[in-house]
Structure formats: structure tokens, C-alpha cells
Amino acid sequence: CTKDLDRTPYVQETSESVYKDPAKIKSVLAKLYGGLSLSGQDYENASLADLYTTDAGSVVFLRTWWSLQEFTTEEAVIGWNDGDLLAYHNLNWTPDGKYLKIMYDRLFFGIASCNEFLRQTTDDKMSSFTEAERNNIKNYRYEARFLRALYYWVAMDMYGNIPFVTENDPVGLFQPPQKSRSEIFTYVETELKELENLLPEPGTNEYGRVDKGAAWMLLAKIYLNSAIYTGTARYTETITYCNKLIGAPVYRLSSSYANLFKTDNNLTGEIIFPIAADGVTSQSYGNTSFIILCALGGKMNPADYGMSTTWGGMRATKTMVNQFADPTGLTDKRAIFYTNGQSLEITSLSDFTNGYAVPKFVNKSSTGQAGKDPTGRFTDTDFPMFRLGDVYLMYAEAVVRGGSGGSLSNALNYVNLLRQRAYGNNSGNIASGALTLDFLLAERGRELYWEGQRRTDLIRFGKFTDGSYVWPWKGGVAQGIGVNKRYNMFPIPTADLIANPNLKQNSEY
Amino acid sequence: QQMIKGTLRASSGEPLTGASVVVKGAGNGASADSLGNFSIRAKLGDTLIATSVGFEMKEVRISANTINITLQVAVTTLNDVVVIGYGTRSKKDLTGSVATVSAKDFQTGAVTTPDQLVTGKVAGVVITPNGGAPGAGGTIRVRGGTSLSASNNPLIVVDGVPLTNDGVSGVSNPLSLVNPNDIESFNILKDASATAIYGNRASNGVIIITTKSGAAGKLKLNFNSVLSQSVKRNEVKVLDANQFRSVVNERGTDAEKAMLGNANTNWQDVIFQNAFGGDYNLGVSGGIKKLPYRFSVGHTYQDGILKTSNVKRTSLGLNLTPSFFNNSLKVNINLKGVYQKTRFANEGAIGAAAGFDPTQPVYASNKFGNFYEWLDETGTPIELAPKNPLGQLLLNSSLSDVYRSIGSIKLDYKLPFLPALTATVNAGYDISKTEGNGFIPAFAALSYQRGGSMTEYSQRRKDKLLDFYLLYAKDLKEIDSKLDLTAGYSYQDFFRGSPAYPVRNAAGNVLSMPVPDSSRNTLLSVFARLNYTFKGKYLLTASMRRDGSSRFSKDNRWGNFPSAALAWRIKDEGFMRSNKTFSDLKLRVGFGITGNQDLDAYYPYLPIYTLGGSNVRYPFGDSSYYTYRSEPYDKNIKWETTTAWNAGIDFGFLKNRITGTLDFYYKKTKDLLTRIPTAAGVNPGNMLLTNVGNIESKGVELAINAGVIQGKDFSWNVNFNIAYNKNKILKLSNVSDSTSEGILTGAISGGKDNTIQINSVGYAPQTFYVYKQVYDADGKPVEGVFDKQNNGALFYRYKSANPKLTMGFTSQMSYKKWDLSFVLRSNIGNYLYNNVRSGSGAFNSVSTGMGYIGNTNVDYLNTRFTNSQFFSDYYVENASFLRMDNVSFGYNFGRIWRNKASLKLSAIVQNVFVITKYTGLDPEVYSGIDNNIYPRPRIYSLGINISY
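Going down the list, the sequences are from chains S and Z.
In this text, residue positions in the first sequence follow the working numbering: the first is 1, and each later residue adds one.
In this text, residue positions in the second sequence follow the working numbering: the first is 1, and each later residue adds one.
By construction, these hints were calculated from the structure, which means they are not laboratory data.
Errors might be hidden in some of the hints.
[What the hints assert, rightly or not] Have a look at the derived ranges for each label pair, beta carbon to beta carbon:
1. V81(Z) x S47(S): 55 to 63 Å
2. F325(Z) x N45(S): 51 to 59 Å
3. S365(Z) x L330(S): 36 to 44 Å
4. I915(Z) x P170(S): 50 to 58 Å
5. V858(Z) x P170(S): 37 to 45 Å
6. A23(S) x P499(Z): 19 to 27 Å
7. Y403(Z) x A23(S): 36 to 44 Å
8. P170(S) x P516(Z): 55 to 63 Å
9. Y403(Z) x N45(S): 48 to 56 Å
10. R401(S) x P516(Z): 51 to 59 Å
11. T232(S) x P499(Z): 58 to 66 Å
12. L330(S) x A793(Z): 52 to 60 Å
Beta carbons: idealized from backbone N, C-alpha and C, even for Gly.
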């Protein structure tokens with residue numbers, strides 16, 4: 001009875017059984033997307049988290065990416081004395097940083113998962129399916145490649161020179177080579193340029209899944225930051241792809257700014273690629289639930305925002321608030337601050353009432369209905385990863401920075417379209433002379449604050465580490481100071497330097 | 001023939017419960033009751049052979065119809081039969097390192113789990129209690145652990161059935177489902193030459209537990225009861241209400257000062273209680289014609305000192321040992337059944353009590369069960385604030401019902417045509433069923449946002465065992481040799497399944513549906529052992545086992561595990577016979593290779609896909625799709641193997657009044673099964689279970705038993721053992737020239753995923769990895785100031801949780817009908833990370849920024865830290881200790897009730913005192929990280945034993 005030693009799982013499946021069933025293959029695809037918003041195979045049971053952790057809620061892509069993009073800037077502080085969280089706002093993290101490692105591991109978890117999906121779904125292996133099924137699976141593969149490119153983009157943006165692995169590499173104990181930031185750039189660019197021909201037309205895929213629009217958007221973004229990533233500016237290409245997006249009939253500006261951050265934001269027509277949420281079927285302490293719960297505290301009534309509780313964590317600094325001439329929201333409706341009981345100044349990082357609260361994201365619909373989760377802890381609000389408003393501002397910036405293929409008048413028009421929506425009339429419109437880079441950085445702050453853009457923006461504008469632009473507690477002091485340039489890139493986490501001797505640490509860490 | 005009555009006593013006067021007498025040449029026997037009384041049919045002039053484990057055998061001629069037999073204590077009795085794997089062997093013929101603890105040497109008092117019986121009794125066996133919850137057992141390590149991620153638990157074999165290490169859900173310690181009162185002896189196989197016969201699970205030692213069996217003779221009843229009261233021994237030192245007020249008033253914000261209340265609450269007094277325990281056992285034994293039997297029933301009731309914790313256990317045991325065909329077929333049937341009902345207290349209340357604002361009252365008039373709670377502006381409990389410690393206990397019900405049965409039937413058949421050959425079949429099972437549920441009402445602050453909770457879980461386990469082996473034993477007189485050869489086959493299969501139950505709130509609304517869990521694994525083995533004795537003094541044992549494990553792929557699943565040992569009975573050499581100093585002297589050397597495949601993963605070589613629960617789907621369009629996650633796997637994963645050498649001396653002086661053993665060992669484990677961080681991007685997941693590295697351990701063990709005084713009225717026996725063990729990691733990477741720092745481990749509480757220990761080459765496993773604290777002129781730690789290492793790093797390696805020396809000392813004294821015994825235990829060189837202090841020893845525990853204030857450890861008054869200094873070596877403390885585990889005082893009334901019964905009373909105190917420099921509650925924490933453990937109580941108990 002040595003056959004008894006061939007035990008296979010009862011409940012779990014193996015790759016052999018999963019890839020025989022088109023429905024299960026779609027579930028693997030759902031996991032590749034779920035990697036953006038979920039903890040793992042449960043939302044709080046740490047043993048089922050995607051990464052080895054004691055706290056499932058903290059190992060979510062969106063939460064970590066958002067935190068590192070926002071807490072490192074003037075847009076947000078968090079009061080929790082949790083791990084090395086305070087180091088991020090202070091701009092004094094080390095390669096041992098916990099959140100740096102979670103982010104890094106989360107990105108490479110995503111890359112490895114996409115690679116494994118691509119390995120298992122080759123034409124050869126799928127040959128027994130019907131043509132329709134095969135075509136579906138082909139599309140899944142394009143989406144997996146897009147998601148992999150998205151992860152590589154974030155990894156390149158944050159860590160610069162990173163390990164590089166594709167489906168052609170072995171699994172197990174392989175040690176991948178390191179590629180430079182510009183090599184990764186070329187790879188992401190090449191993938192996306194292939195995918196822009198393969199992915200479905202904008203708006204034709206199921207909502208939540210990527211299409212050509214997502215590929216265009218990501219191309220526009222990498223080109224806009226190309227000078228940082230590769231040393232060579234590519235603003236013309238940014239304009240090319242912004243034009244494609246603006247020309248696509250499916251995208252339109254939401255009539256209401258606030259509606260972009262509500263449970264029915266999928267109906268606004270502005271979102272090009274969301275990280276989807278559902279308070280009942282897709283629960284996570286690391287998607288918009290985190291952004292909403294953690295922004296509530298003080299005298300705020302969670303029920304006003306569709307929640308049952310508050311986490312009392314993050315607020316805005318006065319530098320961010322002061323981007324608005326009038327922070328009450330009465331003139332520029334994008335200024336969504338809660339000030340009752342809150343002070344503008346932050347004397348104590350740990351005190352939630354220091355700094356204005358930011359209930360920009362809410363778990364309520366445009367008609368005021370609370371989200372579906374009866375316990376009020378999980379949100380239905382999708383996170384607008386890519387949206388048309390950002391396209392308008394990228395277009396304007398690329399034009400101002402000297403890219404060709406666009407016009408200053410269009411740029412001005414797009415900026416003013418956003419301002420008209422914000423002011424409800426023409427009173428906030430600017431004249432062409434005001435369309436400067438400084439204005440655009442501030443305007444990106446007003447339009448896109450708390451949407452995970454800020455760190456990348458400040459680096460592109462040369463303001464991230466520089467002493468010329470400071471905010472409270474930048475560099476760990478109350479009034480703010482400049483810091484070493486090395487902080488423009490995150491260090492490779494020590495753990496991976498140990499696990500993979502091919503890796504070299506980023507300079508000056 | 002007539003009925004001969006008598007008593008069997010030790011020279012100390014102590015009755016020898018369970019000792020047996022046999023009529024020489026006739027074969028009928030009887031055993032003594034708990035007062036040492038026996039009766040047997042015999043003739044005057046017959047000779048009785050009296051034996052008792054731990055005593056010299058004695059032959060006495062019957063000269064009257066009452067006979068009192070006194071046996072000499074020989075703490076090591078060479079004729080004792082020791083249970084080894086797939087057989088037995090007399091102590092004098094052992095070639096390996098095997099320790100025996102029998103019932104008379106067990107720790108006494110309110111003992112709820114078997115491991116407590118032998119704590120401190122055996123050199124090199126360290127049993128660290130897992131806290132003070134009722135039924136919580138200990139972590140057992142034989143000669144230190146050999147693995148990093150695979151199990152380090154010894155293999156435990158109960159009446160021939162090896163138990164799985166996988167937990168039984170619904171009990172804190174699966175071993176607690178064996179009634180300690182039914183246990184006759186522990187045989188602990190320590191070195192590889194002894195354990196290798198159990199090849200596949202033998203790397204961490206083997207503990208063979210044998211339960212009591214019946215003996216021929218008339219019906220005997222034994223009733224044994226222990227009533228106990230457990231009391232809190234000490235508490236975490238936190239600020240009292242007045243100290244807390246002054247700290248908040250000194251450093252707090254106005255908002256925080258306004259939060260102060262008017263009460264003076266000691267929250268630790270609020271959550272702990274004095275707890276009652278009762279243990280009642282009835283044993284019935286005897287023989288019906290040729291069917292010796294023992295039947296036992298036991299009931300244990302134990303409240304925990306943490307309010308609401310409670311365990312109730314009822315156990316039944318049946319042992320039948322009939323013989324057939326002129327004793328050529330011996331049958332041994334063992335059936336044990338147990339039902340345990342546990343109420344688990346919410347242990348989160350322990351940390352909450354240490355951290356809750358002492359100026360707040362316990363109760364308040366509100367809608368949250370009238371427990372004072374931290375509320376936000378809208379009057380809702382703050383989700384991230386600690387909840388009322390008492391409310392956490394009283395408004396949380398977590399119950400489990402566990403049924404377990406372990407049984408075996410063993411047939412030994414001496415073949416009539418070839419009496420040298422015995423065939424044995426042993427079939428066993430271990431099955432359990434768990435049903436558990438939890439409830440938190442919707443109004444409880446603990447789960448207010450979720451609307452309370454209603455949970456359910458269950459588990460079924462089915463383990464099956466079949467052993468078949470042949471023993472060929474032959475005296476080869478012509479060459480003055482004895483030979484025995486065992487060869488056999490073993491099959492063991494383990495199944496466990498846990499269905500999924502919906503997660504509901506208190507109203508019963510389904511919040512999500514998780515995924516069920518079920519797995520099965522199988523072990524298959526063939527084995528052989530040769531024992532060869534030449535001239536009665538040169539002994540050779542050699543064994544070989546070939547094991548297959550379903551955990552590994554076809555190419556890697558088989559492992560070969562050989563062993564060899566030699567022993568030389570020097571005392572039996574001609575030149576030693578006349579030596580008056582030594583009454584025994586034996587030299588042993590052994591070598592063996594053993595395997596370990598005991599992982600928390602059952603299919604680590606397969607590309608597994610895990611389904612997510614119903615609430616972690618991902619939305620596409622209007623539908624949400626279940627997710628399948630691919631798991632990291634290593635298709636080449638294989639056995640971890642340990643090669644071990646052992647050299648030992650067994651000695652005896654003064655007619656064995658002093659006996660002892662001294663052992664040296666060296667173990668090296670290779671292909672360590674370890675969960676390591678792999679290079680990013682290669683596997684979906686940041687850790688992979690694979691074979692990496694080598695680890696070694698070396699040590700010395702000395703055990704001494706001495707009959708210090710052996711007078712007619714007064715006797716004093718002591719047992720002392722001391723062991724030194726050192727573990728070191730030799731290799732920890734698959735990169736040959738790695739300058740790897742190591743693998744972080746030892747998660748602490750405070751911060752997210754912070755760790756405090758590291759496994760690295762050249763150091764002991766779980767060495768602390770901390771910052772070197774700088775102190776000011778007054779010796780106070782300076783906040784945030786640390787000495788850098790030469791390479792500029794802050795982290796350095798400092799001490800480990802493993803004790804360098806472990807010692808046990810047992811003293812048993814008796815004077816006429818009185819007896820007094822105690823057990824002392826000491827570990828030297830073990831360090832603990834005081835996470836209780838580091839977690840709440842700074843002002844940020846008071847000023848949380850989350851709408852509430854919290855208490856701090858009194859250590860805050862020393863350090864005045866503003867922020868937690870989790871990595872400071874200030875919190876790594878020397879936890880060497882001396883503990884008195886047990887002191888017991890007894891009086892034996894002897895015969896009562898017209899000589900029909902006998903009675904003994906005893907008074908016992910457990911966990912009497914601890915002498916240590918460690919500032920936390922208890923210096924014994926296995927992981928090395930002390931974080932709000934369930935404190936071990938001091939237990940006062942009264943025991944009564946009646947035999948009839």
C-alpha cells in the first residue's frame with residue numbers, strides 16, 4: 001500500500017485541477033486583481049494572508065502603496081505609533097523599515113502570481129478548451145501582463161533598481177538578477193505598447209478589469225516621469241497617450257467632484273481603472289475601508305460617512321490645507337475638510353485633533369445611502385487608481401514641460417474644466433499666464449490629494465527632499481526641513497538583500 | 001492452599017502501591033493496593049517473589065499466613081523492565097540513553113496534564129509550562145530542539161499508539177486528554193540509538209507512556225481525590241490610580257487630563273479569582289479467572305484563576321490483559337475515552353487589565369452591559385481602544401466539547417512450533433471529535449461594530465495504526481551469546497477535517513463563509529533491530545528503519561534511519577567483581593540517524609491553490625468572483641535528518657544506594673526544514689518552506705539517585721539531575737558563500753510584524769536581535785540612544801532564551817507514617833524579552849492619540865520613555881530561576897475500617913516560590929518572549945487516597 005503515500009489535498013486544489021476548469025481559471029484572475037485590495041484568503045486571519053505576517057489588515061497593496069505615497073508628503077500624517085510608521089512622515093526610514101518590506105513583498109507577490117498564471121495558461125496547456133474559452137483565457141493573460149507591468153511600475157517608482165522575474169524563470173529557490181530603473185522602464189514600456197493593441201477597447205471589458213484605457217494611462221504616467229526613471233524626458237509621448245484617453249468616448253468628467261469618492265463612483269464615467277471594493281463580498285482592512293476609517297476620529301460621527309466606527313489615524317498638514325485659498329469648501333468644493341474640534345497646526349503627531357481631518361472618501365452613495373456592509377466596517381467605494389481628471393492635469397503638465405502634440409490652449413481648457421467643476425462656475429478659472437509648473441503641482445494637490453499620487457509628484461517636481469519646500473514634521477522637525485536626496489528612492493529591504501545576493505542596495509543607503 | 005495476606009512496603013515504610021507478588025513456580029500473582037496490602041492464594045513454605053518498579057526484587061518464604069515484605073529502594077533497579085520501541089528490555093541490557101519515571105516518583109497535587117507529572121524529573125528533558133490556564137500543558141524538549149520550522153516536540157507513544165503532534169482543536173493541549181491518574185510510567189528515549197527504531201519522528205526524543213493495567217487477584221478498589229484552591233501568585237506591576245493621575249497631570253494634554261476618572265481600580269484584582277479544582281478517580285482492578293482487568297473512571301473539575309475559565313473532564317479507561325493457549329497468546333487491550341468540556345476565558349483581558357486606566361470604575365450605567373467603556377463623541381465604543389477587562393470575560397462565551405478515544409489491541413503470539421519466535425500485531429486508533437462555539441452579544445463593546453458574534457467550529461480526527469513485527473530471541477549457549485532480532489512493518493495514517501461554518505453576528509446574520517480545512521497524511525515503515533549480548537557483558541544493538549512519508553514527492557519520500565550502539569558491563573568483568581566501591585558500572589556508546597517530517601504543511605511539495613472565503617472575492621462588473629491563490633512550494637522538499645552520537649556511563653555505589661548516569665551527546669541536523677524568506681518575485685509569497693542549513697547541539701547530562709538515609713523509621717531519598725545543552729546554527733542558506741545576517745523570528749506585540757529574535761549562523765536559534773541601550777550616569781536608559789556596532793548597524797545579537805543549564809532536585813523523606821517530599825527546579829542562563837514592559841513602559845501607552853488613555857508598567861517611572869523602545873536590550877532580562885514546583889506532606893493512617901481499607905491523606909502546595917531576577921510575572925516562557933501570559937497560580941491542595 002505504498003500508494004497511500006500519494007496523498008493529495010481534499011479541500012485545496014493543485015495547479016493540475018485548477019487549470020482544467022475555465023471558471024477556476026477566472027478565479028485565479030480574480031486573485032490577481034484581488035492582490036490590489038485584499039489581505040489574502042481572509043481579511044483578518046493572519047495565517048491566510050498573502051504575506052507572512054501577524055496582522056492581515058496591514059499587508060494590503062492599496063493600503064501600503066497609499067501610505068507610502070501619502071504619509072511621506074504634506075498631504076497626510078498618521079498618529080499611530082505603529083512599527084516604523086512615523087519614520088515615513090519624518091523622511092528618515094531605513095532599509096529595515098517594516099512598511100517598505102510589506103510594500104516590496106506585496107509588489108513581488110503580485111509579480112510572482114502573474115508569472116505563475118502566465119506559466120500555467122499557455123496555448124499548449126489550454127488546448128482542450130473551446131475556442132471561446134481559449135479566447136477568454138487569452139484576454140486574462142493580457143490582463144495578467146498588464147497587472148504585472150503595473151506592479152513593476154510601482155516597484156520602479158519606489159525602489160528603482162529591482163529584481164526582475166518573468167514567467168520564463170523557474171520557481172522555488174531561483175535568485176533573479178537585478179535590473180536598473182531604466183531597464184525596468186523599457187520592459188514596462190515594451191509590455192504596455194504590446195498590450196495596448198491586445199487589450200479590449202476602452203469600456204468594453206467588465207467594470208474593474210483593465211482595457212486599452214488602463215494601458216494608455218500607465219504609458220502616459222511612465223512617460224511623464226521618464227526623466228526621473230531614465231534621465232530622458234518623454235513628455236511628447238505623455239501627450240500622445242493623454243490624447244488617446246481624452247479622445248475615447250467612454251470617459252467623461254464626473255459632474256460632481258465628491259461623487260468620485262463615493263460608493264457609486266463607478267457610475268461617474270471618469271474612472272479609467274478602479275481598485276474595486278464591495279463591503280460584503282470583498283472585505284479588506286486595506287482598501288478604501290482603511291482610507292475612510294483611518295480618516296475618521298475626534299468629533300466626527302462615523303455614521304455620517306457610512307461607517308460604524310473610527311480609527312482616528314490620519315489628517316492633513318496645514319501645508320496641504322493651505323493649497324486652498326478657502327479651505328471651507330464653500331468656493332472650491334474639492335476642499336473636503338472636517339475642522340470641528342480639529343486644529344490646523346500639528347503639535348502632536350499622535351493627537352488626532354491636531355490637523356484637519358479629511359473625509360474625502362466616504363462609504364455613502366451620491367444619494368446619501370450608506371454602503372451595504374451591515375456592520376459598517378467595510379466599504380463599497382472603489383478606489384480611482386486612474387481617472388480622467390488626472391489625465392487632464394498630466395496633459396497640461398506635459399505641454400508646460402515642453403512636450404509636443406498638444407497645445408497650451410487645450411491645456412488651459414482642461415485645467416479650467418476641472419476648476420469649473422470645483423467652483424461650480426467660471427470664477428475659479430485661470431488665465432494662461434498662471435499655468436506654471438508651481439501652479440500645476442499645487443493644482444495636482446487640490447485635485448488629486450489623498451489619491452496616492454503625491455510622493456511621485458513631489459519627486460518629479462524636485463520638491464520631495466528639497467529644503468525649498470517643507471511641511472510640518474518633514475525631516476522629523478515641527479517646522480519641516482530638507483533631507484538627504486537618497487530618500488527620493490526607497491531602499492531595497494534588507495531581507496531581500498539577504499535572500500538574493502544578486503542585489504545591490506540603492507546608493508547612499 | 002490458603003489465603004495469605006500481607007503488606008508490601010519500602011524500607012522507608014511507604015506502601016508500595018501496585019507492587020506485585022508472584023508465587024514462585026506457580027505463576028499466580030497479586031498486586032498491592034495503595035496501602036501496600038495484598039492477598040494471594042499460596043501454601044506455607046511457598047516462595048513469593050515481590051517486585052516493584054524502582055525496588056530490588058525480593059524472594060520471601062511464606063512462614064505464616066500474614067507476611068510483611070520490605071523492599072529495598074534501588075533507585076535504579078537493574079532488572080527493571082524498560083519499555084523501548086516495539087519491545088521491552090531490562091535496564092541492565094540497555095545500550096541507549098533511556099530514562100524511566102514511574103508513578104511513585106511523579107509530581108503530586110492538582111495535576112491536570114501528564115507532562116506535569118515528570119517536570120524536573122529527568123536530566124535533559126525540559127518541560128516549560130504554557131501558562132496557567134486550566135488544562136494548559138507544557139512544551140517538552142528532549143535535549144533541546146533540533147529543528148527550526150519542523151516540530152521539535154518529542155514523539156509521544158501512549159500504550160503503543162504514537163500520537164500526532166497536530167493539535168486537537170478545542171483543547172489547549174492534546175496530551176491533557178490522557179488522565180494522569182491512569183499513567184503507570186514514562187520511559188523517555190533520549191539518544192538516537194534508542195529512538196532510531198521510531199526513525200521518522202525520532203529526532204526529538206520519544207516519550208513512551210504506559211498506563212496502569214490489572215493484575216491477577218481479587219477485586220481491588222482505589223479511590224483517589226485531590227481538592228485544590230488556586231490563587232494568583234503575583235501580578236504585573238502597573239501604576240496605581242494615584243501614580244497614574246500624577247503622570248497624566250504631569251505630561252498629558254488637557255484632553256487627556258479631562259479623561260481621568262475618580263475611581264481606584266486594580267483591574268488585575270477584578271479579572272482574577274481564587275479557583276477551585278476537584279479531581280476524583282476510581283480504579284477497579286483484579287482478575288476474573290484468567291482475565292486481569294483494570295477499569296478506571298476519573299472526573300476533573302478545574303476553574304481557572306482568570307474568571308470564566310474552566311475545564312471539566314471525565315475519563316474512562318479499560319485495560320484487559322488475557323492470555324490464551326498456555327500463555328502463548330497474550331492479549332493487551334487498552335481503551336481510553338475522555339470527554340472534556342472547556343470554557344476558554346478571553347485571555348485578551350489579561351493584557352487589557354494591565355493596560356486599562358486605573359482611575360476608571362469597573363461598572364457604569366450604559367447600554368454595553370453596564371461595563372465602563374471608552375466611548376467616542378457619538379457614544380459608541382472606540383474600536384481601537386481596549387475594552388473593559390471584566391466585560392471582555394463576562395460578555396464572551398467560548399465553549400468546546402471534545403471527545404477523544406485512544407485504543408489499541410496488541411496480540412503477542414509465541415509460535416508453538418518455534419518458541420523462540422513471537423509474532424506481534426498491534427492495531428490502534430486515536431480519534432477525536434470537537435464541537436466548539438462562541439458568542440458575544442451585540443451590545444458588548446468587544447464586538448460592538450460587528451453586532452456581536454456567533455461562531456461555531458468542529459473537527460474530526462481519525463488516526464489509525466497497524467504494526468506487525470516478529471521477535472526472534474535465542475540463547476546461543478555454545479558461544480555464550482544471547483541474540484534477539486525484531487523485524488516489522490508499521491503503517492500510520494492521520495486524517496483531520498474541519499468543516500466551514502458561517503461567520504455570524506449575534507443576530508445570526510451571516511457575515512461571511514470561510515473555507516473548510518481537511519488533510520490527510522500517511523507514514524509507512526519497515527524496521528529491524530538486533531540485540532546481541534556476548535558473555536552477558538558485551539552488548540550490541542543495531543537497528544534500521546526505512547520510512548516513507550506522504551509529505552514528500554515520490555523521489556524524496558523514503559528515508560533510511562540506521563543506528564548502532566555498544567555497551568560494556570564493566571562491573572561484570574572479573575577484575576571488577578570484587579570491587580567494593582562500584583556496585584554497578586556500564587559504559588555505553590551509540591550512534592543513530594533519525595528523521596523529521598513533522599511540518600505544519602501536509603503537501604509542501606505540491607503546487608497548491610487555496611480558495612478564499614466568500615467575503616474576500618473580487619468584483620468584476622456586478623458579480624464578485626471567488627479567488628484562487630497559488631501557494632509557494634518546493635517540489636524537492638525532503639526529510640530533515642539528525643545524526644547523533646551519545647556516550648554514557650551508568651554507575652552505582654554502595655550496593656546501588658547511589659546510582660547515576662552520565663551522558664555526553666552531540667547531534668547534528670542537516671537539511672533543516674525551515675520557512676525562509678526567498679528572493680522576491682520567485683514565489684507567490686515571501687516565505688518558502690524548504691530544506692536549508694544545519695544545526696548542532698551538544699550537551700552533558702548527569703542524573704544521581706541516592707538513598708541518603710535508609711533507616712527503619714526514617715528514610716530520605718534524593719534525586720538530582722543536571723543538564724547542559726548548547727545549540728548552534730551551522731548553516732542557514734542555500735547560498736554557499738552567504739554573508740547572510742539570518743532569518744528574523746520571534747514576533748513581539750507592539751508595532752506591526754516587529755520581531756526580536758534572529759536565527760543566524762554561529763548562534764543559538766532564537767538569539768535576541770536588539771539595540772544596545774546606552775545608560776546615563778544614574779544607570780537609567782537614555783531614550784533612543786543606542787551603541788552602534790562596528791559595521792554601523794544598530795542591531796546586534798544578544799543572549800538566547802535557551803537555558804544553558806537545567807536542574808531538577810527531588811527529595812522524598814519519610815518518618816514512620818509521615819512523609820514529606822518536594823521538587824526544586826532551576827534553569828540557568830535563559831533570557832527573556834519582557835514584552836509586557838516594552839509594550840507598555842513608555843508614555844505613548846498613556847497618551848495614545850486614539851481617544852483614550854492607558855496605563856503603563858511601573859517601569860515607566862524608571863525610564864520615563866516617551867515612545868516605546870521595542871528593540872532596546874534593556875528589555876532582554878536574565879530569567880535564570882530556582883522554582884519549588886511542589887511540596888507535599890502526607891500521613892498514612894494505614895488500615896482502617898476493621899482492616900478492610902486503608903487511608904492516606906496529603907497536603908500539597910504547587911508553584912511554591914520562584915527565586916529570579918526576572919522582573920516579569922514568570923521567568924518560564926518557552927518562546928523567550930513574555931507577553932501577558934496566563935499567570936501560573938499557586939495551588940494548595942488536599943489529597944485523599946482510600947483503598948479497599
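- Query: Among all the numbered hints in the text so far, which are the ones the structure does not match?
  - Reply: 1, 5, 8, 9
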